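Work out the full structure: start from the sequences and follow the hints.
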Amino acid sequence: MSKTGAGNFFEDFRIGEVIRHATPRTITVGDVALYNGLFGPRFAVQSSDVFARAIGYPCSPVDDLLVFHVVFGKTVPDISLNAVANLGYAACRVLSPVYPGDTLSAESEVIGLKENSSRKTGIVFVRSTGCKPDGTKVLEYVRWVMVRKRDEAAPAGGDHVPRLPEAVLASTLGDACPRIDVASYDFTLAGSPYRFGDYQVGEKIDHVDGVTVEEAEHQIATRLYQNTARIHFDQFSAAQGRFGRRLIYGGHNGGRHVSPLFAGSTVFAWSEVLSRAEVPGRDEVGALRLRTVATKDRSCADFPLKAGEEDDPAVLLDLDYWVLMPR
Amino acid sequence: MSKTGAGNFFEDFRIGEVIRHATPRTITVGDVALYNGLFGPRFAVQSSDVFARAIGYPCSPVDDLLVFHVVFGKTVPDISLNAVANLGYAACRVLSPVYPGDTLSAESEVIGLKENSSRKTGIVFVRSTGCKPDGTKVLEYVRWVMVRKRDEAAPAGGDHVPRLPEAVLASTLGDACPRIDVASYDFTLAGSPYRFGDYQVGEKIDHVDGVTVEEAEHQIATRLYQNTARIHFDQFSAAQGRFGRRLIYGGHNGGRHVSPLFAGSTVFAWSEVLSRAEVPGRDEVGALRLRTVATKDRSCADFPLKAGEEDDPAVLLDLDYWVLMPR
Amino acid sequence: MSKTGAGNFFEDFRIGEVIRHATPRTITVGDVALYNGLFGPRFAVQSSDVFARAIGYPCSPVDDLLVFHVVFGKTVPDISLNAVANLGYAACRVLSPVYPGDTLSAESEVIGLKENSSRKTGIVFVRSTGCKPDGTKVLEYVRWVMVRKRDEAAPAGGDHVPRLPEAVLASTLGDACPRIDVASYDFTLAGSPYRFGDYQVGEKIDHVDGVTVEEAEHQIATRLYQNTARIHFDQFSAAQGRFGRRLIYGGHNGGRHVSPLFAGSTVFAWSEVLSRAEVPGRDEVGALRLRTVATKDRSCADFPLKAGEEDDPAVLLDLDYWVLMPR
Chain D
1 MSKTGAGNFF EDFRIGEVIR HATPRTITVG DVALYNGLFG PRFAVQSSDV FARAIGYPCS
61 PVDDLLVFHV VFGKTVPDIS LNAVANLGYA ACRVLSPVYP GDTLSAESEV IGLKENSSRK
121 TGIVFVRSTG CKPDGTKVLE YVRWVMVRKR DEAAPAGGDH VPRLPEAVLA STLGDACPRI
181 DVASYDFTLA GSPYRFGDYQ VGEKIDHVDG VTVEEAEHQI ATRLYQNTAR IHFDQFSAAQ
241 GRFGRRLIYG GHNGGRHVSP LFAGSTVFAW SEVLSRAEVP GRDEVGALRL RTVATKDRSC
301 ADFPLKAGEE DDPAVLLDLD YWVLMPR
Chain L
1 MSKTGAGNFF EDFRIGEVIR HATPRTITVG DVALYNGLFG PRFAVQSSDV FARAIGYPCS
61 PVDDLLVFHV VFGKTVPDIS LNAVANLGYA ACRVLSPVYP GDTLSAESEV IGLKENSSRK
121 TGIVFVRSTG CKPDGTKVLE YVRWVMVRKR DEAAPAGGDH VPRLPEAVLA STLGDACPRI
181 DVASYDFTLA GSPYRFGDYQ VGEKIDHVDG VTVEEAEHQI ATRLYQNTAR IHFDQFSAAQ
241 GRFGRRLIYG GHNGGRHVSP LFAGSTVFAW SEVLSRAEVP GRDEVGALRL RTVATKDRSC
301 ADFPLKAGEE DDPAVLLDLD YWVLMPR
Chain B
1 MSKTGAGNFF EDFRIGEVIR HATPRTITVG DVALYNGLFG PRFAVQSSDV FARAIGYPCS
61 PVDDLLVFHV VFGKTVPDIS LNAVANLGYA ACRVLSPVYP GDTLSAESEV IGLKENSSRK
121 TGIVFVRSTG CKPDGTKVLE YVRWVMVRKR DEAAPAGGDH VPRLPEAVLA STLGDACPRI
181 DVASYDFTLA GSPYRFGDYQ VGEKIDHVDG VTVEEAEHQI ATRLYQNTAR IHFDQFSAAQ
241 GRFGRRLIYG GHNGGRHVSP LFAGSTVFAW SEVLSRAEVP GRDEVGALRL RTVATKDRSC
301 ADFPLKAGEE DDPAVLLDLD YWVLMPR
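Residue numbers (the working numbering), protein chains in the order written: chain D, 1 to 327; chain L, 1 to 327; chain B, 1 to 327.
Simulated from the structure, these hints should not be mistaken for laboratory data.
Treat each hint with caution, since some may be false.
The list treats identical chains as interchangeable, and a pair is accepted whether it falls inside one copy or across any two copies.
[Stated by the list, open to error] For lysine-lysine, the following DSS-like pairs were computed, each having C-alpha atoms within a straight-line distance of at most 27 Å:
1) Lys204 with Lys306
2) Lys204 with Lys3
3) Lys149 with Lys204
Keep in mind the model is a prediction, meaning the values are calculated, not measured.
Here's what the structure looks like:
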């Protein structure tokens with residue numbers, strides 16, 4: 001048998017199957033530095049051990065998005081090596097803070113399968129979880145992805161579309177954030193004077209600054225996450241494909257053609273406050289539900305959206321998520 | 001009020017005002033590694049904990065230029081988001097060594113303001129300081145920068161041009177360098193046999209090797225410093241601007257047009273020994289005052305300089321600074 | 001005398017001479033993170049401290065190739081600054097594991113010299129060794145390289161071609177790998193179910209995924225290793241040279257023109273099992289001798305080789321090495 005890994009095809013998945021993913025990873029301050037160099041976050045809590053300790057963390061936690069990408073990267077060789085499209089994400093929750101020195105591993109449960117009528121592909125729904133060695137969950141999310149079949153005639157491993165929540169409930173938030181000492185939270189050092197109470201539902205914020213993405217940057221980022229998705233790395237094959245370019249993001253979405261992002265394009269973003277919520281048992285933080293929309297090569301000063309059925313080719317992403325803010 | 005940060009304009013500054021900058025930062029070995037990958041320093045003291053300890057440091061200190069860039073980066077959102085030109089730097093001193101694990105924050109005092117006759121811009125003079133949490137100063141420098149006005153009619157917040165030293169005095173050097181055990185300084189491992197006594201005033205050194213700068217490199221470096229200067233990152237807007245390119249360095253200087261550096265250009269450099277000095281109370285090190293001139297796409301074998309009033313378009317930088325050398 | 005370092009020329013080397021190289025280096029988790037971002041390794045032992053400890057390491061060791069490149073980088077300023085061609089490597093052995101926090105230094109013994117008949121160049125053979133401060137050797141290898149003469153008329157410093165082994169003996173392997181607790185080696189987390197016994201001599205494996213190399217990536221990697229080879233960095237001079245491009249790899253080999261690798265090309269690879277061997281005193285691991293062939297802009301599905309005397313322009317590398325596998 002060939003040791004060349006071909007990845008799983010649609011008919012290889014079974015509902016209820018739990019896949020333990022390879023390559024556990026100890027997250028280090030080196031990973032954090034490279035993530036910072038690639039993305040440029042400026043959260044004081046994640047940037048300064050002193051700031052973090054003052055408000056109740058043992059030291060700066062690792063940025064949630066780095067944790068997400070590391071966990072996600074582990075799932076790629078088993079789940080999406082033969083994907084034709086990432087369709088969606090739901091029910092993503094950060095469950096515990098991660099600190100430099102923590103080791104993360106990941107597993108995925110197949111919670112749904114739906115063969116497409118062409119019998120050439122099918123949709124795989126997985127609930128993926130990132131864990132520390134003691135079993136503490138740090139992250140979980142549901143992802144669904146369209147995966148090729150190896151053999152059109154092969155039977156599907158199940159036929160079930162799971163019911164997924166429209167949004168994460170505010171009542172389930174907060175596990176990844178210890179109780180904060182807001183009196184010690186220095187709003188000047190944090191770079192923003194605004195507290196939970198300063199944000200209004202419906203308020204929109206243009207993030208103004210565009211960032212151009214380079215080939216070396218998305219390749220280094222993808223390797224940092226040990227994500228093996230081929231489309232990032234192989235210009236020789238990409239030159240013969242649909243776009244002729246290595247793909248950074250997008251290109252497909254749920255059967256609709258969504259604007260693909262290539263190197264040399266500039267990403268802009270804006271956000272809207274969708275709702276505000278109390279977090280049970282927490283009087284020192286409140287939760288804001290945000291929508292962040294990202295575009296390429298288009299300013300967000302006028303808050304562009306996809307207009308109904310017709311895709312605005314500039315819109316790359318429309319993300320719905322909660323953040324905790326000090327009160 | 002919009003939460004979109006627009007930065008300060010000239011009329012927002014007041015003489016004597018002290019601005020505490022956001023985003024304290026714990027410097028890690030990860031930051032050092034990425035800095036090394038981007039700039040390629042080969043100083044034995046900064047590279048080897050064993051070498052550093054042998055001569056009297058507790059471990060390898062962080063490269064002074066990384067410290068400078070991290071402190072400088074913090075000042076950008078408050079001081080120069082609306083800058084049209086960096087005009088100059090003076091009185092920059094490294095005041096204490098920084099080690100991995102140290103947390104840095106920064107503040108700036110406005111020490112001068114001078115509106116330009118057009119009333120469209122003015123010059124802001126700040127003394128910026130980097131500190132550790134216990135208040136130890138690690139770095140200070142004066143910078144002056146031409147900043148746009150929001151409103152031409154607005155009154156300036158002051159009218160004073162501070163007197164700045166032509167050069168740093170040798171008698172003020174040495175605070176960032178502990179007493180060195182020169183007997184344990186291994187000149188072979190250091191990569192150079194030359195001691196303080198081997199350098200003559202007027203001596204010139206061609207640094208020979210050119211280094212080409214890539215877009216991904218200056219973007220990653222700028223994010224590593226949490227510097228938010230837009231001109232590095234937004235090709236979409238830059239394409240509509242004067243150069244049509246993201247700018248790495250230069251482009252303006254004191255109203256004169258100085259050679260801008262863009263990705264794909266190759267940087268060369270040479271240095272001259274301007275003077276030699278004793279450092280008070282230190283018999284194990286001496287100070288050399290150096291001038292380092294950098295050019296783009298031009299060898300420095302013939303030690304090019306800007307010729308009087310006429311700019312040599314190849315010259316990017318003409319830097320005057322002191323270094324300590326073992327005796 | 002000019003302090004501009006010109007490097008050694010062929011006539012500067014003497015047989016038996018031992019050169020201590022500059023710039024000792026403490027390897028950190030930051031270096032590991034950047035190496036991971038540039039190369040994308042996914043070895044569980046090197047990735048997870050928890051995995052490493054379970055099988056008998058004190059923590060994750062540093063990837064052998066990072067150790068090789070750091071040691072190699074130190075030799076460049078003394079050995080190959082005036083090289084016209086890297087000719088070969090032999091007898092490379094990893095002798096001790098390296099952990100983050102270890103400091104490496106390097107030295108080289110000149111073990112052979114052979115002037116070329118043109119008298120313009122000669123071949124320098126060195127045995128280079130990487131060491132920890134207590135003298136523990138971590139790596140050694142022999143390299144031979146064609147180096148320019150400063151002066152054609154100068155006499156050579158010796159005339160001797162050392163006898164070099166065709167291959168490393170399996171009986172000398174294993175020093176860098178502590179005794180492994182295979183019962184605790186989790187093959188699922190390792191990402192491969194295959195043990196030593198699952199590999200057959202003559203078996204070939206296509207590694208499938210191509211990786212495109214960018215200018216920023218090879219420049220950052222080369223600086224990470226503190227390797228000063230000019231051909232990586234100076235596009236201004238390269239534009240006037242034979243290729244008109246910065247060189248990533250190859251371009252010369254033993255007088256024959258070997259396929260040079262430039263940015264924008266995509267690298268593919270395949271491997272063959274050449275032989276299997278017991279490691280003396282070790283019943284928990286076995287040794288596989290592998291040949292890995294890398295190509296540019298050419299899939300390796302048909303296992304391409306250089307065909308006898310005629311170079312296949314796609315083949316970049318043909319590497320013969322041993323790996324230890326758990327039984």
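We went through each hint and held it up to the structure:
1. Lys204 with Lys306: within (16 Å within a copy, 49 Å between copies)
2. Lys204 with Lys3: between (52 Å within a copy, 9 Å between copies)
3. Lys149 with Lys204: between (43 Å within a copy, 26 Å between copies)
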